[in-house]
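Given the sequences, and given the hints that come with them, work out the whole structure.
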Amino acid sequence: AQSVTQPDIHITVSEGASLELRCNYSYGATPYLFWYVQSPGQGLQLLLKYFSGDTLVQGIKGFEAEFKRSQSSFNLRKPSVHWSDAAEYFCAVGAESSASKIIFGSGTRLSIRP
Amino acid sequence: EPEVTQTPSHQVTQMGQEVILRCVPISNHLYFYWYRQILGQKVEFLVSFYNNEISEKSEIFDDQFSVERPDGSNFTLKIRSTKLEDSAMYFCASSGSGGADTQYFGPGTRLTVL
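Chain order of the listed sequences is A and B.
In case it helps, my numbering puts the first sequence at residues 1 to 114.
In case it helps, my numbering puts the second sequence at residues 115 to 228.
Don't take every hint at face value.
Straight-line distance between alpha carbons at most 27 Å, and here's what the computed DSSO-like set of lysine-lysine pairs gives [said to hold, decoys possible]: (1) Lys171(B) with Lys197(B); (2) Lys171(B) with Lys156(B); (3) Lys49(A) with Lys61(A); (4) Lys192(B) with Lys171(B); (5) Lys156(B) with Lys197(B); (6) Lys171(B) with Lys49(A); (7) Lys61(A) with Lys156(B); (8) Lys49(A) with Lys156(B); (9) Lys197(B) with Lys68(A); (10) Lys192(B) with Lys156(B); (11) Lys68(A) with Lys49(A).
Pulled a few chain A residues facing chain B out of the computed Cβ check, cut under 8 Å [to be verified]: (12) Gly43; (13) Leu44; (14) Leu48; (15) Ile102; (16) Gly105; (17) Gly107.
Hints listed in this document are in silico derivations from the structure and should not be mistaken for laboratory results.
No residue lacks a Cβ here, since even glycine has one placed at the ideal position from N, Cα and C.
Right, dumping it as structure tokens:
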């Protein structure tokens with residue numbers, strides 16, 4: 001069965017510091033991987049996605065993620081965080097079948113230290 | 115930019131009452147989804163819908179839930195007899211071509227069952 005693990009429940013980083021949010025997945029075939037961000041009281045916004053090809057994917061707001069098949073990981077990175085990046089970040093995995101559901105991780109809450 | 119909209123933003127109901135949550139997916143999308151997020155927990159898949167029928171549903175989506183596309187623009191989730199544990203944020207999503215295509219999420223409806 002598909003599953004997603006985000007081992008860090010809450011991370012605090014200083015503004016301007018680099019960020020890496022961890023994500024591990026379990027899936028039998030090549031997964032489709034996503035990172036979504038949820039600001040307080042808001043919906044889910046797609047940051048980036050990996051379907052195939054280049055394993056380093058670029059997203060919006062300066063985020064990037066790297067797919068590592070050998071480690072079953074899809075970690076999210078940003079070289080320099082801004083206070084506005086404080087939010088909940090969800091890693092998710094999808095399947096190739098039509099009308100496929102997305103399986104979400106439990107999320108990592110990011111706080112920014114001024 | 116096209117977006118998914120949901121109404122109402124917040125619904126309060128008494129236990130045992132029926133509620134209908136409404137969604138307007140992106141206009142040229144063909145695949146529709148409902149997810150829910152109980153406070154402090156992960157986002158969970160409920161149901162996917164394509165070509166006027168359910169494609170997949172989770173074990174959460176029992177007989178008290180139903181979905182409908184009553185016209186060319188709306189997509190609804192009905193909960194027949196609400197329970198306290200139905201209190202959650204309900205997200206609608208749509209995608210153009212299903213499968214690994216990006217799902218775009220609405221802002222959510224917060225359902226509170228008293």
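Hint-by-hint comparison with the structure:
With a C-alpha separation of about 19 Å, the suggested pairing of Lys171(B) with Lys197(B) holds against the 27 Å cut-off. Between Lys171(B) and Lys156(B) the CA atoms are separated by roughly 17 Å; this keeps the pair inside 27 Å, and the hint holds. Taken as a hint, the Lys49(A) and Lys61(A) pair is honoured in the structure, with Cα atoms around 14 Å apart against an allowance of 27 Å. The hinted pair formed by Lys192(B) and Lys171(B) meets the criterion: a straight-line CA distance of about 14 Å does not exceed 27 Å.
Distance hint between Lys156(B) and Lys197(B) is fulfilled; the C-alpha atoms sit about 19 Å from each other, no more than 27 Å. The suggested pairing of Lys171(B) with Lys49(A) holds, with an alpha-carbon distance near 24 Å, which does not exceed 27 Å. Taking the CA atoms of Lys61(A) and Lys156(B), the gap is about 23 Å. The hint holds against a cut of 27 Å. Of the pairs offered as hints, the one joining Lys49(A) and Lys156(B) holds, with about 19 Å between alpha carbons and a cut-off of 27 Å not exceeded.
For a cut-off of 27 Å, the pair hint linking Lys197(B) to Lys68(A) is broken: about 42 Å separates their Cα positions. Proposed proximity of Lys192(B) and Lys156(B) is supported: the alpha carbons are some 21 Å apart, at most 27 Å. With a C-alpha separation of about 14 Å, the suggested pair Lys68(A) and Lys49(A) falls inside the 27 Å cut-off, and the hint holds. At its closest, the beta carbon of Gly43(A) sits 4 Å from a beta carbon of chain B; the interface hint therefore holds under the 8 Å criterion.
Proximity of Leu44(A) to chain B holds as hinted, the smallest CB-CB distance being about 4 Å (cut-off 8 Å). The closest approach between the C-beta of Leu48(A) and any C-beta of chain B is roughly 10 Å, which is over the 8 Å cut-off, so the hint fails. A hinted interface residue such as Ile102(A) counts as satisfied when its beta carbon comes closer than 8 Å to some beta carbon of chain B; here the least separation is about 6 Å, so the hint holds. At its closest, the beta carbon of Gly105(A) sits 7 Å from a beta carbon of chain B; the interface hint therefore holds under the 8 Å criterion.
Interface hint status for Gly107(A): upheld, as the beta-carbon distance to the closest one in chain B is roughly 6 Å, under 8 Å.
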